[in-house]
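*Asks:* Listed in order, the protein sequences are those of chains A and H. So for the first sequence, UniProt numbering puts the first residue at 1; every next one is plus one. So for the second sequence, UniProt numbering puts the first residue at 1; every next one is plus one.
Keep in mind that the hints are not guaranteed to be accurate.
Remember, identical chains collapse to one label, so a pair may be satisfied in a single copy or spanning two.
[Unchecked claim] As a list, the in silico SDA-like pairs of lysine to any residue whose alpha-carbon atoms are at most 20 Å apart:
hint : residue 1 : residue 2
1    : K273      : Q296
2    : K87       : D72
3    : K326      : S109
4    : K113      : Y47
Everything labelled a hint here was simulated from the structure, so no lab data went into it.
There are 2 protein chains.
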Amino acid sequence: MKKKSITIYDIAREAKVSSATVSRVLAGNYPVKEETRKRVASIIDKYGFQPNAVARSLTKRETRMIGFVLPDITNPFFSQVFIEVEKYALTKGYALLLCNSMNDSEMESKHLKLLAERQVEGIIIMGGRINKSAPDRVEVNELSEIMNSLPVLMINGKIEGLDCYSIRTDEAKGIELIINYLVSIGHEKIALLGGIEGITTTDIKVEAYKSLISRHHLPFVPGWQIYSGFDISSGEQAMDKLLRNNKQDLPTAVIGINDMVVIGALRECGRRKIDLNEFSFVGFDNTNLAEISNPQLTTVSHQYSEIGRKAVDLLLNSKNEKHKNKDVEINPKLEIRDSCYEMIGN
Amino acid sequence: MKKKSITIYDIAREAKVSSATVSRVLAGNYPVKEETRKRVASIIDKYGFQPNAVARSLTKRETRMIGFVLPDITNPFFSQVFIEVEKYALTKGYALLLCNSMNDSEMESKHLKLLAERQVEGIIIMGGRINKSAPDRVEVNELSEIMNSLPVLMINGKIEGLDCYSIRTDEAKGIELIINYLVSIGHEKIALLGGIEGITTTDIKVEAYKSLISRHHLPFVPGWQIYSGFDISSGEQAMDKLLRNNKQDLPTAVIGINDMVVIGALRECGRRKIDLNEFSFVGFDNTNLAEISNPQLTTVSHQYSEIGRKAVDLLLNSKNEKHKNKDVEINPKLEIRDSCYEMIGN
DNA sequence: GTGAAAGCGCTAACAC
DNA sequence: GTGTTAGCGCTTTCAC
């Protein structure tokens, strides 16, 4: 690091021009006489000179960096969103600082603060504080503080009263797609497993579940909606509870709050040597786990690439199109695979 | 962005001190009279002032950023390495720029170049050019060019003649662990599926496989070692080929070049209604897929957190401890789960 | 213990 | 077309 790196001045001196001219050649979109341009370019080439982006950032006040805070990149839902954002950001010349909050609020705060200091041009956040049905006052204040200096965009989350960018899948619609589908193939007894009460993504789904059940005049059995969590073992636990507590009246279809929960539920069935055809399973998120699972999961898919594009566009255009619908909702799609069977005879 | 942000000069003026003093207060490790320190601190607080890290980077010539280039963060092997690196880097005050090369050499080059311009203090690279048994000349030159200005560290890769940092799991040892284990539970007919010839991580494993087979005086059947690729469908294809071409003489154990390939092999067996107990399966990498799989995979585990720590330490200490073993090899461990069964009677 | 001032490497007016 | 110059916001000698 400490080795004196070569600068625009070194190039200028050798090319017998001013630093400004070198800068113009670098920028490419200024009038420079072809002859001098060539001369400068050849010297740049000769030394493999690379302009210092930090210095450029300081003068231009743009870092071309976006911060991305999420709970855990090893979770395929997050990594699939991330990669789409990154791909699209790259086409715009932006790089991403990835910060894993590990579901730790303090860590999340720390990351947010550091990103702001690093002068990222925008922050994308998923999980954590933006998915609390009862937002934490302090956490929200931190966010709104940050929003004073740079645009913040939430993916699949929303905080009432915080006027920031938000883009999310219509999860209620997702549940609707699932239930309509299950009903269409003859199911009337439908369970919903997993999630945690108080997390928006869960609450939205549970509410939609109840409302759809009622709209279809299906039986609503409280014991068929079981909170537990978001990972595989949550799925196992919830399935176990479902089977233990409803011996006389089991559902025929099981919706998981996400793909992972369904995989847990499948495993619990496996452990109990229950024929998987006893139930139809539907996941949520269409992570790559849904394809890895055996059977492959029918699941609700986010439109990942659209989320990625919209997120970056919203963030980067935030300076121009002020207050132009900061709030985008994206339709989910039902991805039908092998985990559901048709009810025959009924 | 364009709103004039508050600077140390604003703080200085209001505190009736010089900017230098504010800077000292910020740094925290300089002698400042307690009284003035408090006064300055309170004003910093009052405005929620956050120093501009870009400006600081320019003067101090340190960005506290590390670049990480890998093929695809949605691949759990990479995300599991990444997250360990990120966690540890954070404790050192470093943030990570994550760049997905999508297995595209040009994209990889572009990322490397941009990271250098951004003045990251080091680059960690996985996949792509660093895993070619016959390295591409141009690609290697790019790397060595970059190594002139900043330290580069390869994870699970190595290029002969490139004197850069490297940290990798002893994969030959991993294969040894697997084969010794399989032999210990009575297997003598062992296949190796997946991978691509010419990719170091494959070549190392294939070579170790052959040498171990011979060391144990087991039969080496060429048709039991099948190249195909690294993903699930590669696993399916390889298993299919194994079953079709060796009808008279099938192995009893199947090693996958990685977990994903084994999951594909399992699926192919499922498709053919082959009892999974017909074969013992062993994966490689111990990604979280190994636990998700049904049955859960016995697999070779990388020591992810150790890799993360060592990688960051090597990179950040590179200025001091010049040329002190730049090359670290880490032992794998065998993670025994449910995908192998003991051969009885033999 | 504190301040003045010179950079860090680049860009952007503004002259010429 | 090209050069001069004044910053961008911070840190760091070097005086005092």
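*Asks:* When no copy is specified for K87 and D72, does a C-alpha distance of 20 Å or less occur within a copy, between copies, both, or neither?
*Replies:* both (19 Å within a copy, 11 Å between copies)
*Asks:* Is it within, between, both or neither when you check K273 against Q296 at 20 Å Cα-Cα?
*Replies:* Both. Shortest intra-copy (19 Å) and inter-copy (16 Å) distances satisfy the 20 Å Cα cut-off.
*Asks:* Could you place K113 and Y47 in one of the four classes (within, between, both, neither) given a Cα distance threshold of 20 Å?
*Replies:* between (38 Å within a copy, 14 Å between copies)
*Asks:* With identical chains treated as interchangeable, where does the CA-CA distance between K326 and S109 reach 20 Å or less: within a copy, between copies, both, or neither?
*Replies:* So K326 and S109 fail the 20 Å test inside a copy (23 Å) and across (35 Å) alike.
When held up to the earlier numbered hints, the structure conflicts with hint 3 and nothing else.
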